[in-house]
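**Q** The primary structure of each chain is shown beneath.
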Amino acid sequence: MLKLSSLKDIARNIRLNCLKMQRLAHKGHLGGAFSVAEILVSLYYSGIVNISVKNFKDPKRDRIIFSKGHAGLALYATLADRGFFPKAELERYGQNGTFLGGHPDNLIPGVEVSSGSLGHGLGIGAGMALAAKLNNHEYLTYVILGDGECTEGSIWEAVTFATAQNLNNLVAIVDNNQVAATSKTQKFVGSSSLENKWKSFGWDSLSIDGNNISAVINALKKSKNYPRGKKPLAIIASTIKGKGVPFMENDPKWHHGVLNDAQYELAIKELNK
Amino acid sequence: MNKILAPKQQYMDMRDTFFEELFQIASYDPDVILLMADQGAQTMKKFEDKIPNQLINVGIAEQNMISVAAGLTLSGKKVFVHAIANFTTLRCYEQIKVDLSIMNLPVTIAGVGAGFCYGSDGPTHHANQDIAAMRVIPGIRILNASDSPSLSTFPHIAYQIPKLTYIRFDKGHFPSLYNTNHNFLDGMGEIIQGEDSVIISTGIMVHQASAIANQYNGKVGVIDIYQLKPLNEKKLHKLLSSYKKIIILEENIAYGGLATIVADFLADHFLNKDFLRIGLLDENTFIYGDRDYMHKKVGISNSQVIKKVNKFLNENKI
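The listed protein sequences correspond, in order, to chains A and B.
Here this note's numbering is used: position 202 in the first sequence is 202, and no number is missing along the way.
Here this note's numbering is used: position 202 in the second sequence is 202, and no number is missing along the way.
Think of the hints as simulated: they come from the structure by calculation, not from any bench.
One should not assume that every hint holds.
[Unchecked claim] Under 7 Å between C-beta atoms, here's a sample of chain A residues computed to sit facing chain B: (1) G83; (2) F84; (3) P86; (4) A88; (5) S114; (6) H120; (7) I124; (8) S154; (9) E157.
[What the hints assert, rightly or not] Covered by chain B, per the in silico footprint, the following chain A stretches (three or more residues, Cβ under 8 Å): (10) 48–60; (11) 208–218.
As the structure is a prediction and not an experimental result, all values here were calculated from the model.
Ideal Cβ positions, reconstructed from N, Cα and C, are used throughout, including at glycine.
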């Protein structure tokens, strides 16, 4: 596994690439892309999750579903860096004829599942986890969700299903940045914590700092032991929307706000600090 | 593949037809999985007893059922999902669009309770809009059974020619319209050959169309379009060549369903025919009773249809 400092550099580069892509395209959701960066780095670079360009067609590989598709910029930057497609394609984001849409589709190399409409990924992941059991495969299915996304009813249908089917090979990672498109999620999610919600539905729940790579890696290591038990695992990763650029942090404006020239320069400077 | 013929087995209930044939397929291929949203059928017991890993009750959660079907299919399974027709189409419409159509996954959606099959259960249970809604799902195949022989081939078509598919059927027993020589890959059948007018129908309304056509001493024919999408345009073109007047009879909202499918075909092919659509008005139906009673109340009983057809046939538009 790469050193922690290297992994942090990778997370920084993902954010810088997201900034550049938005700059070129004049569109793209930066806030959620920044909050999820360490989660993606931990999944794709730690060596814990068995997924790579080489094994992507192997039915026994682990699966990563990026359900919060609007944050696709971070996924694109990650997949390009991992060699799923040329990095030059990132510069074509938002241009006519690019294969990198505003939300990821599964025609993109490395993308398991099309997303962009929220609330779909966990059910699909549950299907993959169930297939693993039926096929006697040992892979795990990781589904990256947003906390705003968890207000979709379909998520809770899938949560219920996973418990009923004892899908101990299914791991939900909630990028819990607590900010949606227009406001803090607190305004519409009700009073119970996410941890309690998942637990009360029969899952195990692990609360971590989702912008701390070591914490995410530790959680992923634990996830690998879950198939010995019965319950699916929810990793509630507390994150900061817009993480890394102070003026963007925790502000719904940067859900899909586009940086002007001065903001762009300042953001680059902040990330390079 | 040139032909798919109906199996010789006779069934007394449409649901048995579908699930018995599917059971045979699933018994042969362990990758075939049936997901159902707490919607039973007699044959489910066979799945439970013989191949329990291939039947999963997802609970009353149609949205998740479609998503799970997508995940299973992406992992190599051949998935059929089942619920009441309008719940397994309209309730989870966006899952069908995003998880199945956008990802081009060959899942088969089987809906029981076409049209007013569950009529007395009220408008929540009426499937009068599902064809219109499903028709605009890119790449979907729509099969609508008019009898047991046709329905018995549908799971085989879905299994042997994988493609996102919506199979729609009734419960109960209906007389057979097709013999064992009919090739069900043709998409439609001419049930009665007429002279210059034809009733085009689909699903169990084909029986009513036939009963009505029989009143006209060979003048009026009947075509059953059981594959509503993709439409076998070549065959329809050929069948319609001798007809000047077309009547559409359906248990769907009159705009969006079969009538619209045929009207689109006529327009696309510059075919100038007199055209009468008989279906449901643009309203919900709050009438509770058996199917004949409901048909009478909404204006599509035999005698009401005959009256409309008589008037239409006596008009000289062209």
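**Q** Each of the hints needs a verdict: does it hold here or not?
**A** Verification of the supplied hints:
1. G83: Violated. Min distance 22 Å.
2. F84: 17 Å, violated
3. P86: 24 Å, violated
4. A88: Interface hint status for A88(A): violated (26 Å vs cutoff 7 Å).
5. S114: Cβ of S114(A) sits 5 Å from chain B, so the hint holds.
6. H120: 6 Å, holds
7. I124: 4 Å, holds
8. S154: Where the cut-off is 7 Å and the nearest Cβ of chain B is about 4 Å from S154(A), the hint holds.
9. E157: 4 Å, holds
10. 48–60: violated (count 1)
11. 208–218: violated (count 0)
Violated hints for the displayed structure, listed by number in ascending order: 1, 2, 3, 4, 10 and 11.
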